Amino acid sequence: ADVNLAGAEETARLVREAGAEAAAFEADVTSAESTQTLAERCAEFGNGGIDVVLNNAAIYATVTRTPFEEIDPDEWDLVMNVNLKGPWLVTRAASKYLPDGGRVINLSSATIFSGSEQWLHYVASKGGVVAMTRVLAKELGRRGITVNAIAPGFTLTEASYSLMENAESYGVDRGALKRASQPEDIVGAALFLAGPDSSYITGQTLVVDGGRQFI
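Each position in the sequence shown, counted from 1, maps to that position plus 10 in our numbering.
Among the hints, erroneous ones may be present.
Stated by the list, open to error - Cut-off 20 angstroms, straight-line C-alpha distance, at most; resulting in silico cross-link-like pairs (PhoX-like, lysine-lysine):
no., residue 1, residue 2
1, K188, K148
2, K95, K148
3, K95, K106
Said to hold, decoys possible - Ranges between beta-carbon positions, derived for each pair:
no., residue 1, residue 2, range
4, R26, D207, 43 to 49 angstroms
5, V182, V13, 28 to 34 angstroms
6, G154, A32, 25 to 31 angstroms
7, S126, D61, 29 to 35 angstroms
8, V197, V145, 23 to 29 angstroms
9, F78, E194, 30 to 36 angstroms
To be clear, the hints were calculated from the coordinates, so they are not data collected in a lab. Note that this is a predicted model, so its numbers are computed, not measured. Where is the CB? At the ideal position from N, CA and C, for every residue including glycine.
I would like the entire structure built from these sequences, with the hints used as guidance.
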C-alpha cells in the first residue's frame with residue numbers, strides 16, 4: 011500500500027514476477043478512515059486475516075535539515091503524522107485481523123542512537139516508533155502477537171541518491187562492514203521478524219547498519 015498508487019502497483023508487479031500473490035492499495039496512513047479501509051481490503055485479500063503488518067511509510071527525503079529552533083511547525087506536524095501517527099493508525103486498524111502468532115514490524119531509524127543534528131523532527135518521530143513498539147508488544151503480546159522494530163542505517167535507495175551525490179560512500183568508513191547498506195539487508199531483517207524463528211522475540215529494536223552502532 012502507498013499514498014502513491016502507481017508506486018504500490020509497481021511493487022505488486024515485482025512481487026508477482028517473483029512468484030507470489032500481491033495486490034496494490036492506495037492509502038493515507040495519516041487518516042483513520044483510510045487505514046481502516048486499507049485493513050479491511052488487506053484482510054479480504056488475505057481470506058479474512060492479516061498475518062504480518064509492516065509499517066514502512068515515512069517522510070524522509072523531503073525533510074529539511076534545520077536547526078531545531080527554525081523547524082517549521084507545519085513540517086514538524088507532517089513528519090509526526092506520517093512517521094509516528096501513521097504506524098499507530100495502521101496497527102490499530104489491522105490488529106483486529108491479526109491471529110495468535112501474528113507479527114507487527116515497525117521501521118525506525120539508527121539515527122535515534124546517533125542523534126542526527128538538524129533533523130530533530132525526523133529523529134524524534136523515529137524514537138517515538140521504538141517507544142510505541144515496546145508498548146504495543148505488551149498490549150498485543152496477550153494475544154500472542156509480537157511487535158518489533160527495525161532501525162536501518164543509511165541505505166541506498168532512490169531517495170538516498172536524491173539527497174546526496176556521494177550516497178554510495180556516505181558513512182561507509184564508520185561501519186564495521188565497510189560497505190553501503192542495500193535494501194535487501196533490511197528485507198532480510200524483516201523476513202526474520204516475520205518468520206517462525208523470531209516467535210519469542212518481541213518489543214525489540216533490531217539495528218541493521220553494518221556495525222555503525224553497537225547497542
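Hints versus structure:
1. With a CA separation close to 37 angstroms, the supplied pair K188 and K148 exceeds the 20 angstroms bound.
2. Restraint check: the Cα-Cα separation between K95 and K148 comes to about 19 angstroms, which is no more than 20 angstroms; the hinted pair holds.
3. Straight-line distance between C-alpha atoms of K95 and K106 comes to about 18 angstroms, which keeps the hinted pair within the 20 angstroms bound.
4. Taking 43 to 49 angstroms as the suggested C-beta distance range, the pair R26 and D207 does not conform, at roughly 26 angstroms.
5. For the pair V182 and V13, the supplied restraint of 28 to 34 angstroms holds, since their beta-carbon distance comes to about 32 angstroms.
6. A C-beta distance of roughly 26 angstroms is found between G154 and A32, which places it inside the suggested range of 25 to 31 angstroms.
7. Between S126 and D61 the C-beta distance comes to about 34 angstroms, which sits within the given range of 29 to 35 angstroms.
8. At about 26 angstroms, the CB distance of V197 to V145 agrees with the hint of 23 to 29 angstroms.
9. Distance hint check for F78 and E194: the Cβ-Cβ separation is about 34 angstroms, which falls inside the suggested range of 30 to 36 angstroms.
Against the hints set out earlier in the document, violations occur for numbers 1, 4.
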